[in-house]
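**Q** Here is what each chain is made of, one letter per residue.
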Amino acid sequence: MKQVLAREADAGRAKSNLFTAAHGRLPGCGPVAHIRARAFEAYERAGLPHRRIEAWKYTDLCALIGEVLPLAPRPDAAALVRAKSSVMQAAADQAVKLVLVDGIFAPELSDVGSLENGIDVRSLREILENPANSAMAGLVLSTTTDAMISLNAAMATDGLVITIAEGSAIKRPIQIVHVATSLSVSDFTRSYLQLGKGAHAAVVETFVAADGASRYQTNDAIIVLVGDEASLSYIRVAADAADAVNLSSGIIVVGTRASLNLFSMTCSGSIGRYQGFVTLAGEGSRLSANGVNLIREKQHADTTIVVDHAGPHCISRNKFHAVVDDCGRSVFQGQVVVRPASQKTEAALMTRALLLSDQAEADNKPELEILADDVTCGHGSTSGALDTSLIFYLRARGLSEKDAQALLIRAFIGEPIEEIPAGNLREFVTARAEHWLRAR
Amino acid sequence: MALLEVRDLHAGMDEREILRGFDLTVNAGEVHAIMGPNGSGKTTLSHIISGKPGYQVSAGQILFNDEDLLAMEPEERAGKGIFLAFQYPVEIPGVTTMNFLRTALNAQRKARGQKEFSTPDFLKRAREIAKSLNIPQGMLKRGFNVGFSGGEKKRNEILQMALFESSLCILDEIDSGLDIDALRIVSNSINALRSPERAMIVITHYRRLLDYIAPDFVHVMSKGRVRKRGGRELALELEACGYAQFEGAA
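Listed in order, the protein sequences are those of chains X and A. Quick note: the first sequence uses full-length UniProt numbering, first residue 1, plus one each step. Quick note: the second sequence uses full-length UniProt numbering, first residue 1, plus one each step.
Just so you know, the hints here were simulated from the structure itself, not pulled from any lab data. Where a beta carbon is used, it is the ideal one built from N, C-alpha and C, also for glycine. Any given hint could be a false lead.
Heads up, incomplete: computed chain X residues facing chain A, CB under 7 Å, no partners named [what the hints assert, rightly or not]:
1. ALA135
2. SER184
3. SER389
4. LEU390
5. PHE392
6. TYR393
7. ARG395
8. ALA396
9. ARG397
10. GLY398
11. LEU399
12. GLY414
13. GLU415
Taking lysine-lysine pairs in the DSS-like style, the calculated list, with each CA pair at most 27 Å apart, reads [to be verified]:
14. LYS402/X <-> LYS80/A
15. LYS153/A <-> LYS52/A
16. LYS52/A <-> LYS402/X
17. LYS110/A <-> LYS402/X
18. LYS131/A <-> LYS402/X
19. LYS402/X <-> LYS223/A
20. LYS153/A <-> LYS402/X
Work out the full structure, taking the sequences as your base and the hints as a guide.
**A** In structure tokens form, the structure reads like this:
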């Protein structure tokens, strides 16, 4: 056993010291360099997550990827040109685009000139490079016990720091587009989004690849603070290159009487994990956390949502559906923790998987940890194949078998997608899902 | 040329023979009633005509407009004009009735080489037919059959029958699960769809339905084949004598 553990830990450690190799290219010195060094030490102590870490049991990075690839080079003019067409394709209707290419903010591809009043956008690099911003740098680069978040803090090359002023009602969605343009490299981005008291906004984060980009590894993290009485729709769509690895984390705190509508969809990539850690910190806040994994071939997609009910009278609803074809594997872990003082909590967690082939696999793990005694909480999980009686009914009505399957799959994933507030972003997600269905 | 011709059909499932030499000829404009006790093979016949997978046909043939129906997929049969009104219509959560109807109608029109309906034209047509069948417009916006009563589901089947303009409609125990009022409404709707171009096969246990839908021919099935044929008076005879007289027939 000790030997196995040691082997797994060894595999997790960078084969070349990533941090040392990238040191000269990482922004920030003094306190920032210190934060990074401590974060990298934390990562090295833990190594790449493996199956003996409960939270990573089904997504054993030691076995799946083995090592973290070297840092991507700074994008040159040619990379920016290649990224541009991917950005155009990824753009949501009416959205204000903020583009990161290989982990570096690209203002020339972004709509920085059309930001509405009340929004302030700065690049993380700009903040880290100014010693006067060390407090802010510490906030943005904060870590948890998760090794991937620690590695992200150590290696973040750039990202966005977005603040939305108190009371602002932002009309157009803000879209953060991550574009990878390289081969066999890693990119690390760290962003920060803060909504002031009573502010309202919608943010979509999209991961895409430019032509020729493959086998890259993305490690992204975002810290989101939803102020008291504010509301945020936060949509995440991972549509990476077929052989890419995407590890994304969200650390989200929701204030008093605030609301968050969170949606995550993974519809491409080789290995993907989105882990969202949401704390309902104030009284009477609401969370609607939903998602869809659309998996085929040998893809592996993991969505892990941890909801911490830290305040009383909060409501969380979590609905996650997976469609798995071929030899794909979908993982959903949903954990709801209700702290002792969080009385009158309402929490519901439901996960469903649709398996389209005999080799497809879905691992669903809903968990409730209830430490208060006056709560209404429930969870459920189902897995199954398409109903043959439904398929026959539809075929008897003139639909081909493939069209009948598509109609039923569309209905299946439509349920969590409909939790996205009606409008451009719901249409954007629907269009992405349709793209996946058409490619079947 | 007959619209539908079933010749000496032998078929079953899991090596169990259910139909044992079934014959039937249906011409355009005719209404045929198929009656028989449980397990006689009535629903199996409807499934095989509409192409449900899982059955094995060991002998015989089914011709539809002189084409070999058994060589066609279920969706091709629908496109050719065969409609099966299910005894237990399915529920499809997440698909609105209107969306389902439009998708199915256009799939069939495409198969027939007809122009697909635009959304406004389709909506107009579907609403008109729904109104004629006393189907509330609100039902069309709901999930397909989700939360519908038995009567609503059967009316939804009849709505499709009218919308798709199929030439052969097989009604598999359309009377099951209906109260007297719903039965009258559904039967009146079916009668309204009788035409010289359209044939119907009405599968039922009971004469009651045939009081509303007067058949041209009645066929009594038992143990996988037709034991007796006649006019609508045969249904009255069955009501008096029951199916027992056919149960012992080899």
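**Q** Now, for every hint given, state plainly whether the structure supports it.
**A** Okay, the hints, checked on the actual structure:
no., hint, verdict
1, ALA135, "48 Å, violated"
2, SER184, "41 Å, violated"
3, SER389, "6 Å, holds"
4, LEU390, "5 Å, holds"
5, PHE392, "5 Å, holds"
6, TYR393, "5 Å, holds"
7, ARG395, "4 Å, holds"
8, ALA396, "5 Å, holds"
9, ARG397, "4 Å, holds"
10, GLY398, "4 Å, holds"
11, LEU399, "5 Å, holds"
12, GLY414, "5 Å, holds"
13, GLU415, "6 Å, holds"
14, LYS402/X <-> LYS80/A, "19 Å, holds"
15, LYS153/A <-> LYS52/A, "20 Å, holds"
16, LYS52/A <-> LYS402/X, "16 Å, holds"
17, LYS110/A <-> LYS402/X, "16 Å, holds"
18, LYS131/A <-> LYS402/X, "32 Å, violated"
19, LYS402/X <-> LYS223/A, "36 Å, violated"
20, LYS153/A <-> LYS402/X, "25 Å, holds"
The structure fails to meet hints 1, 2, 18, 19 from the earlier list, while all remaining hints are met.
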